[in-house]
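Protein chains in written order, with our numbering: chain D, 1 to 261; chain R, 1001 to 1408; chain Y, 2001 to 2295.
Fair warning: there could be bad hints in the mix.
[Claimed, not checked] Listed next, the in silico DSBU-like pairs over lysine-lysine satisfying Cα-Cα at most 30 Å (straight line): (1) D:Lys210 - R:Lys1406; (2) Y:Lys2290 - D:Lys210; (3) D:Lys94 - Y:Lys2250; (4) R:Lys1037 - D:Lys210; (5) Y:Lys2250 - D:Lys93; (6) R:Lys1391 - R:Lys1402; (7) R:Lys1040 - R:Lys1319; (8) R:Lys1406 - Y:Lys2290; (9) R:Lys1057 - R:Lys1070; (10) R:Lys1094 - Y:Lys2250; (11) Y:Lys2290 - D:Lys4; (12) R:Lys1402 - Y:Lys2250; (13) R:Lys1372 - D:Lys29.
[Stated by the list, open to error] Listed next, the stretches of chain Y that the computed footprint assigns to chain D, with coverage defined by at least 3 CB atoms under 8 Å from CB atoms of chain D: (14) 2128 to 2138; (15) 2227 to 2241; (16) 2246 to 2259; (17) 2279 to 2291.
If you are wondering where the hints come from, they were derived from the structure by calculation, not from laboratory data.
Nothing here was measured: the structure is a model prediction, and the numbers come from that model.
Glycine included, C-beta positions come from ideal geometry on N, C-alpha and C.
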Amino acid sequence: MRGKTLLLCVLVSVTLPFLPLLLWSVADKWFYPALFPQAFGTRAWSYVFTTAGSQILDGLFTSFSLALMTTIVSLLLGVPAGRALGLYDFPGKKLTMLFLTLPIIVPPLSVSMGLHLWFIRLELAETFFGIVLIHLTFCLPYTIFVIRGVFSNYNPDFEAQARSLGAPPLTVIFRVMFPVILPGIIVAALFSFLLSWSQYLSTLIIGGGKMLTLPILLFSLIGSGDRPVAAAVSLVFILPAFLALLGSAHYLGRTGLKGIR
Amino acid sequence: MISFLKLTATISLFILFFCSQSFADEQKTLSWDEAVKTAKGQTVDWYMWGGSPAVNKYVNGFLAKNLREKYGITLRQVPVKDIAEVVSKLVVEKQAGKESGGNVDLMWINGENFRTCKSNNLLYGPFADVLPNIKYVDRTNPTVANDFGTPVENMESPWGSAQVVMIYDSARISRPPQSIPALIEWIHSNPGRFTYPAPPDFTGSVFIRHFFYHASGSVDKWQGKYTEEDLRQAADATYAQLLQLKPFLWQKGATYPESPVRMNTLFADGVIDFSFSYHQGEASRNILDGLFPESVRTYVFEEGTIGNTHFVTIPYNAKDKAAAIVVANYLLSPEAQLVKADPGMWGDFPVVNLDRLPKEWHQKFLELPRGKATLTDRELQAHQLPELPSKILIHLEKGWQKHVLKGR
Amino acid sequence: MSGPGRKASLHQLVYLLGPALTIILLLFGGGLLLGLFQALDVSSATGMKSITFDHFRTVFTDPDFAGSIALTLYISLTSTLLAASISIVLALAIAHWAANNRIVNFILQIPLTVPHLVIAISFLLLLSPGGIFSRFFSFFGMIPSPSAFPLLVNDDYGVSILVVYVWKEIPFITFMLLSVLKNLGPELSEVGATLNGSRLQRFRYITLPIIGPSLGAACLIVFAFTFGAFEVPYLLGKTYPVSLPVWAYKNYSDIDLLARPEGIAIGLIIAATITVSITLSQVLIQFARKRGVII
């Protein structure tokens, strides 16, 4: 019974903010103090699908490929680093750990403002690659943070056994190590995907508006007093991450996405 | 630690390398024929304020389609929340020595941002005189020749005209205050029912300029010669008036809406009783979109309201200048101006002079439906005031922040 | 958690850590360093070295600085404390009654995927003077007009900013706590119960020390994030004073070139403030532990 009450409380507080988005996106006329829209319509959604359609698709594509690329690079660099930090003892380990995870607490704004001028000179500003680099400054540390935790409970003796049985290194990595750390990898990947996906300011500074990600598109539209349109675009923005969550829920089961903001 | 030092050294080398290269390349303006020839297949990245679905619809729908069909140009709108951000980006690019290959091909701009661009050599041009369609524009018109007191000198090309209109709901207020003194009186007797966006917001800034004209008792003086002392006195009088008004504003002036659209929302929700806009047709547009009630109307003050022209311009390092020129020209074509003026599309007022258009086009403009809340051209033109020079505008915006907002 | 440390050869370590370290050094370290150069006006381009603290001085002596940093600290501390307190209760409740409830877990994950920007917009639609709450009260005649609704957006206390952060960060902290509580099981608390401890005592001396490290880490991350975030205070904050990140970006994107180094300087001040306060909190905790205080 208490479990049910708890579920209800959680459900209501989580879903409450989506209510105005849903209602406003289909409102044609909704004047104060009406509790519900006086007229429903599809103006906002037709704006999203026709006029802004190509821009939003473009934004979805840019955001998605940026987040995907950042995630892949973060994993490629972060898994080895996380392994080193989680598994081995070496002099200067604490300092290395501190340095590699410091970017988690230092906001991207400070870093991107410093890099901007030099990114322009190196022709990295306003490029896909440049934004991946700037997103790496916070996605990579998070990845290392998660993967390190995975490896601190990892037993590498199985790898030695596999090797002694003659397995080549790649087989060891993919057949022995990978299955064990897979849940951790998924958590880290989601982490870094969502961080990149929702990043606004550093993308704006380095991308100069040219890299039209969804947050940048949304921010330019919030300037409009057009609440139905802003609500509809917001919903489009939530959907992909929500679907990713649904997909990953299957893998993660009850372990949850601990540690994602 | 050693690797760190090495890395810093490498970075510094990179920096030195890229700075020592000079990119002095003399700019020569393209002729119209050259521009059309080169433009085909180019993509124009047009950076503009993206907060209005109506504008976005016009640009991404009508303009993009026609430019592709007519000239083979791809138009890509890059919506930004404030064009000043783009100007500031160009300033950094100039500082970094990026002289070509810039991503901004066209900007929607005027006023202070134009002045900054012009005085920092951030613009390509002069180019407006090569546009064939510029013949439809009356360039002796002071708001077209001077942009907030800065001579345009063909460094930007006009796109539309704007004039401030007051917005009210006739169902709530039958006779709105017709002048600034009457408005001040109204605000005093209806505390909490009025506010304005905080300058440097564009619309908030123009609101305090109306007060400046009122407080200084003169309009023409500021277009010509005035002394620093004159300006100081008039500005102080303006702040004093606004400070007196502050306790009677919405939330007693403790906070201001950040933009005119936030003010529109407050107005639509009945929190405040007035809104105002730089766009003569915006209220009608909002009625059509169901954002304002049908009973909303607009008016101008007896002493007049400030009007200006908005322009497009091409940055010095734009990648696709030729296509940008062609786009600027197409924006001035009778059909593009007509569709833009349609309240069902955007409702922005034409910058072309109707008398200069071919007869059949002139007729089409006259037949254009007028939005419910939009005033007639005659009414608007009879009550038009010029903009203040950018220098005074900046002075007022900074002064407002210091004296009125922060109360120092 | 980590077992007996294993040794790795230097070669192996370079191979494993090298790429990540290079990226972080170059981009993160480099970014801060280059920012510092710009804020100090070191013009490496011309080869002339002149260091000036003028930009930092301008920021520190600005009469708005105190108000701005106070506001930023207030927002981040309050939202961290609120989110942490609610999260503790929520995590304990879930561990007790719904540890295996996949639905609760799933629902609680949803806020993690929603960008701050979107949630700021929805709370704007809910809490603004003409928002849905105001309509609700007005509809049932509890307030005469929208102006009678208390100002919750762009207000003195940053209510809507706090609400957005609390809504967003509770799941984050809760999951951090649950990951510890799950391994714990009910046994420890039962031991406490047999020892006749009161509920509060059991929480204070058994649960809190166990969740302490995770709670601390989560709080630090939330504090750092809310201190350095731009979007939410930009959208929902008051006209004046503004939070430090908003101030930094406003200066940075100013068309006046002179304001830019000031913007960068504020950015560095933000980074420094976060680092210093976190270090300070760690030192305090160490100190308290030595004194025998259980945290």
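Here is what the structure says about each hint:
| no. | hint | verdict |
| --- | --- | --- |
| 1 | D:Lys210 - R:Lys1406 | violated, 36 Å |
| 2 | Y:Lys2290 - D:Lys210 | violated, 54 Å |
| 3 | D:Lys94 - Y:Lys2250 | violated, 37 Å |
| 4 | R:Lys1037 - D:Lys210 | holds, 26 Å |
| 5 | Y:Lys2250 - D:Lys93 | violated, 39 Å |
| 6 | R:Lys1391 - R:Lys1402 | holds, 17 Å |
| 7 | R:Lys1040 - R:Lys1319 | holds, 14 Å |
| 8 | R:Lys1406 - Y:Lys2290 | violated, 47 Å |
| 9 | R:Lys1057 - R:Lys1070 | holds, 19 Å |
| 10 | R:Lys1094 - Y:Lys2250 | holds, 20 Å |
| 11 | Y:Lys2290 - D:Lys4 | violated, 43 Å |
| 12 | R:Lys1402 - Y:Lys2250 | holds, 16 Å |
| 13 | R:Lys1372 - D:Lys29 | holds, 17 Å |
| 14 | 2128 to 2138 | holds (count 7) |
| 15 | 2227 to 2241 | holds (count 6) |
| 16 | 2246 to 2259 | holds (count 3) |
| 17 | 2279 to 2291 | violated (count 0) |
Hint violations for this structure: numbers 1, 2, 3, 5, 8, 11, 17, all remaining hints satisfied.
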